[in-house]
Amino acid sequence: MSSNSSPPPSCWTVDWTPPLSSISCLFLWCTGEIVLSIYLWGILWSALVILLCFYSLCRISPRLSKLPGWISKDGTVNLEKELKECAGRVFVDSQPEFCLPERELLDLSTIDVILISNYHCMMALPYITEHTGFTGTVYATEPTLQIGRLLMEELVNFMERVPKAQSATCWKNKEIQRMLPGPLKDAVDVWTWKRCYSMQEVNSALSKVQLVGYSQKVELFGAVQVSPLSSGYSLGSSNWIIQSHHEKVSYVSGSSLLTTHPQPMDQSSLKNSDVLILTGLTQMPTANPDGMLGEFCSNLAMTIRAGGNVLVPCYSSGVIYDLLECLYQFIDNANLGTTPFYFISPVANSSLEFSQIFAEWLCHNKQTKVYLPEPPFPHAELIQTNKLKHYPSIHGDFSSEFRQPCVVFTGHPSLRFGDVVHFMELWGKSGLNTVIFTEPDFSYLDALAPYQPLAMKCVYCPIDTRLNFHQVSKFLKEVQPLHVVCPEQYTQPPLTQSHRSDLMLELQPPPMPYRRCAVLNLPFRRCYERVYILPELANSLVPSEVKPGITVATVSAVLHSKDNKHTLQSVPKPPPAAPSKKRKRVIEEPPATLAPKPLLSGAVPLEAFLATLQKHGITEVKVEETGEGHILHLQAEDTLIQLEEDGTHIVCDNNEPLRTTLRDLVLRFLQKL
Amino acid sequence: MDSECVSILPRVCEVLAASGSSLPDDTSLEKLLDWLTTITQTGVSLLEACPCLLDFLSNVALNAAPGPGILSFTLKLAGLIGASEDGFKALEECSVLELVFAPHHWQESGLWEDPSLRIGWIQGLKAILQHSKALSFFVQADLLEPLLQLQTDSSLFVASAANQTLAHVLLLCQSLSSVGRDGTNKRDVEHNGVGVETNQNCSGVVSKVSEYLNESLVPRETSRLPRSQQILKLLTQLLVQVRPPLRETLLLTVLDSLEELATKSCSQLTLPLVDVLLAANSSLGDTDRIPKQRIGQLLSLVLDTKKPADVVQAAAALMRSHQTDPDHSAHAARVLLLPLDIVTGVSLVDKDSTDEELRILMTEQLQSKTCVSMICMCLTNMPQITVMAPDRLPCPQSLVVRAVLSLLRLCRGDCSSSSAGCVGVFRYVTGSSKVQKCAMEALSALSKSPEVKIGLAEVFKLLTEYLNCPLSEPSVLQKSYKVLINWIDVCTDLSCISDQLREDLTQAVRKRACDTRWEARDSTVEFLGHLAEVRSCRKSGGEEREPSNALLGGRAFAVPLLKEALQDPESYVRASSIAALAQTLTPSWQQGAPVTQEQVEIVTRLQEILSQDSEGFARRAVVKYFIAWFSSCSSPTSCPLLVQHVPAVLSQGAADLDWEVKLHTLQLAELLLDQAFPDPAPPHPYAVTPEGLIHGEDEESALLGSLNGVVDRGVVSALFCGLVDCDRPVALKACQLLLRLRAAVCPPTASAADTGVSCKLPGRSWAQEIRKIQGTNTDSEGGSAVGSEARGEAVEESSVGVREALRSLDLDGKLSILTQSSDHVYNSPLSLLQDILTASTPHSHLTSEPGQEVIVDCY
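Protein chains in written order, with UniProt numbering: chain A, 1 to 673; chain B, 1 to 859.
Just so you know, the hints here were simulated from the structure itself, not pulled from any lab data.
No experiment lies behind these values; they were computed from the predicted model shown.
Backbone N, C-alpha and C define an ideal beta-carbon position, used for all residues, glycine too.
Worth double-checking, as some hints may not be accurate.
Stated by the list, open to error - Here are some chain B residues pointing at chain A (derived, C-beta under 7 Å):
| hint | residue |
| --- | --- |
| 1 | Val423 |
| 2 | Arg427 |
| 3 | Pro470 |
| 4 | Asp515 |
| 5 | Pro569 |
Claimed, not checked - Here are the simulated distance ranges between beta carbons:
| hint | chain 1 | residue 1 | chain 2 | residue 2 | range |
| --- | --- | --- | --- | --- | --- |
| 6 | B | Ile360 | A | Thr259 | 42 to 48 Å |
| 7 | B | Ser588 | A | Thr259 | 47 to 53 Å |
| 8 | A | Lys474 | B | Ser588 | 54 to 60 Å |
| 9 | A | Lys474 | B | Ile360 | 28 to 34 Å |
| 10 | B | Ser631 | A | Lys474 | 52 to 58 Å |
| 11 | A | Ser473 | B | Ile360 | 25 to 31 Å |
| 12 | B | Thr492 | A | Glu506 | 45 to 51 Å |
| 13 | B | Glu615 | A | Gly337 | 16 to 22 Å |
| 14 | A | Thr259 | B | Asp727 | 41 to 47 Å |
| 15 | B | Glu519 | A | Glu506 | 29 to 35 Å |
| 16 | A | Glu374 | B | Glu533 | 46 to 52 Å |
| 17 | A | Ser268 | B | Glu260 | 53 to 59 Å |
| 18 | A | Glu506 | B | Glu598 | 55 to 61 Å |
Full structure from sequences and hints, please.
Printed below as a string of structure tokens:
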């Protein structure tokens, strides 16, 4: 197959291991009188199974375009045009496709609200909001929206750089898929996979986003209030509080307690939650971010000193800001002052500039810099001093200014598309060069699979600043939710390390685990509802004190409910007599015209009551104690009096005067309202 | 004794007796007592030298007006005086003795409540109890009872002092009894009619104390635990010091109580109990009435305790004592290896040989947080286990190595090799740097064991993994390097290390040299230096290779890394890299290998560091580098690079601001002096040296040649510069070296005016100082041209005759001044006494003129 004569092949692999926090999004349905669907967005990027392609790589490398096609051993299945073999592994040769979030359980058109946690997890938004009948609102913070837009734009740009090709579909046939090797055989829901969205769809999806600020309370149909809180993970990243007047649910996803560039995590507002839904913990619980950062720097310095180049496949926003800041301090210490750093991405410029303008979303130290005034991130100085240069792509200015040895930050971290592919091809053959993986979303071995054999050194330093199990235990001790709901994976050690009891959540009471497609009843009941009372009605009330400090009053009113708000209004006065018969009948029995019966309260004291009975000539009384109170058997009168905590019954057949007497005796001991 | 001090002392005593509130500082009385103690130690009678002290004692004892501090001092002073029989007699005669040592006297006045007074009483009593008269007084005054009461005093210091004094009383009884039994003294003693009484006193005291010990040993309630601990400590102290028959008496009295304690297994008492048993075990001989087996049984009883933490503690104490019999050592080793066995799953202890119940309990204990301390305790005792005879160990040492390696893997989160029985431990052990460090130390100790070499490749692999691991803390990395060096050091054959392992190690070291943490970089360069020093090992084929060559590619690998580290932003790393470079290059210096361009570059960089580096560590390291180079060079003069740079190093080093740099510079100068003026071989005692040959012309010219050499290299300038340095150690060293130079180049017979070699004095301040000293001394001797020049305050560069200067600088006088500590005046007894007097003056002044404030300006 030649890249000149036929459409260039693209290959995918599906041997993607779901990360620890694979359950990415939750659908919360507030039941009761209110029906409200809220889509809580967790780690969507993880759920987006990127079908890793090396399409753009094939355009550069004749080696890959000449890879042999796959034929089953017995020769019965021939998928030479769809599947390619490379270094013992089979890849799909097609346009990249993406696995969508779970759609079986719910109709997306019924979703009212989507709450987005951070920009990494909104990459599938167009798949949800476009062509699904979705009419709801999406809430996100401003940095989330802007940087999310950049990431989507970059993805679309990467896809559009290469001509569209036909999708491979034959292998998806169930009968054929069953016969395929390795991970392809085990891929699920392959028919639901979609091609990448267009920029138009991105714009349309993002137009549905409504911006919110931290701690801003947004009323949703009067039913609940939602409020984003800083989660400390990335610029504008949020945890969400969903609360009514009497219940509070916290949704914690993608949070970090480390001191990096974003505003620190707001923990105090998460206190007193009835339920805390916990997801988005670190995918690398054993990789300490500080250690990884150190490892990144030392490997980088080691390579540069030896005269090699360093390639860092990364997203254009997020950890890269911290990496650049770390390098800013490190390069002088390590005598790397003259080494050029290149950041290549279609959105490199915007990403670097956006980071400097979101001052209010940054950590305190960076915020104070703005008032000096200084740029909050030191990469501004790196750019000024020409140590860091950024380019939209490898073409144009970059090719004329490119100098080696150097450090290149570029995407995509999957190594299947984007400019990184060119550098892999350029530097892969030399053992002096190093590729350092810092993004935790992809297995670096899988990412490197199509490039084998590879002389370049590979270093895996996944930097995932999200909460680890130790931090989350301390955090939960601090905020003390009544119940914790979390993915099932968090409640047991990883399958491959069953001894690691430190890699699981151990809580008292134990957390409620959920698994894919499970429907959970959150462990609380809505018992109370707030009702407002109008002033004129309140004025008419006659309160009476039943106990010291407790005053009650009876209310006769009309309950008015609208937009989940309940108001007590005065009973309308009877309208003037209407001529129609039908009206008249209504007026005949107005509920308000009947004088309300007095309400009774208090308890009947047994001894005093017996004494009163005796005074009235009832002497033969047999008292029987029950679980709820007492039964008095008036033997001579053949009458029963049941005295219970919440009621008194007089069972007296055919003796109305006696019943009335007894009733009056009972009433003597009770208060009337 | 200084007469001036003697003359001042009565006034000091008056001041102290009047009031102690205006002492210069808290330590004055202690210093005064120290001085008086020093006097007694020289054999001088205190009362004869200072009769005022007796008046002071009686005055204070009767008056009791001064504060508890003075009273405490008074009691200690009484003890000091009464320690001699004459002093004791004098105290008795003036009735001071009974007064000061009677507790009720102080109790009545309410002063006994003050712990400082009780301390003074105890220490005074201890001091006085040196002879039989004192013992008689002790018994007759019935002072034993209050001393026993003080054993459990609320103040720990008082209780501890009382403890020691009680031991002292028993030891005195022992020595007095033995005097009584000694045939030579017996007659005299009996003749004096004192012997019987002394013996009675001794036996009475011993019996009362034994009874007390026995009664107090076993705590009847928890609140009594501290008392039991105290008694056990006392017992240990006594058993170590006393001899038979007192030792037997004591042991026989407390043996049952000790057994009761061993059976009770009270956690807080386990360690002190083991100490007592070990002391008893080591002191008992075969002829003693108490069989050693009985003590052995008690030790076994403690080691059979069912409380895992206690039994591990007891076993550790037993191991550390190095004095138990082989059976107990084996038992202790089994106990100490059991936690490792349980955690790692490596079968170190045969299940039949350990108590199943203990195993179960220990497994339970290891699931809790305390597992870290327990495992660490086991690991810290590994050095003792490694030296045990193989037949006493429950398993071969190679298995112990395997277990430690397995534990280290667990600490990294690798559970593949561990038993499934103790899952809970992983939570606490994984990532625990404390356990990692202890395990590394244990592994280091195990390298010394002869039979563990089989696991070399496995050890190397694990250490390389640790060095590679991004999560390893710098302290763990440092330990890993240390273990690696230890294992390489004992290794005779590195051929078992695969190429892949070498490559991994190389990468790890290279990476750590670029680590973001300076501690990790520092450990790495240190490692490279140490590796270069490890002696050569022999490959299986017989070919000899240096380990640094065999593992890391030798100098070609290390030197570029170390050169890079010379630019490190952290001064410690720069200093370590300089030291490591010296270690790495030493073999080539020793072999006299030709200088390479790389070495020239290094020396240039080192000169830059010496002249420009802002941190002392790096500059010190540079001078030490040249010292190492000069010392190891087979012929320093034949190395032009070294000869070329030494003058600059001496000049810059001598002018440095850091005193250690200056001192090291003088050490380098000393090496040059050693080379120029080697110590003459000691003459044969019967050899006759002809007069004329001592300073023959040839010899003189050789001497002048050598002198010229050291002057040209800047040695003499450096020494002159050092001589007037404000840092005493520098000046002292320079003075000593100049004296040595004078002895070598200024023969006593030569005339003082001879001229020869001259040394240039720059226009710097130190040169002016030299001229000044020289001028002063020569002026006093009649004046000279140099002196007048010096007085003229010439600042221009000039020359001075070296020999003349050496003679005129009064080096001997300078040496005697420099040898005294810089605070010798401030710390003299006279100064102390004057201070006490001075401190009392403003007090009296204030009382006479109230309202007038005394403003003391400190600076």
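**Asked** Which of the numbered hints are not met once you compare them with the structure shown?
**Response** Going through the list in order, the structure violates no hint and respects every one.
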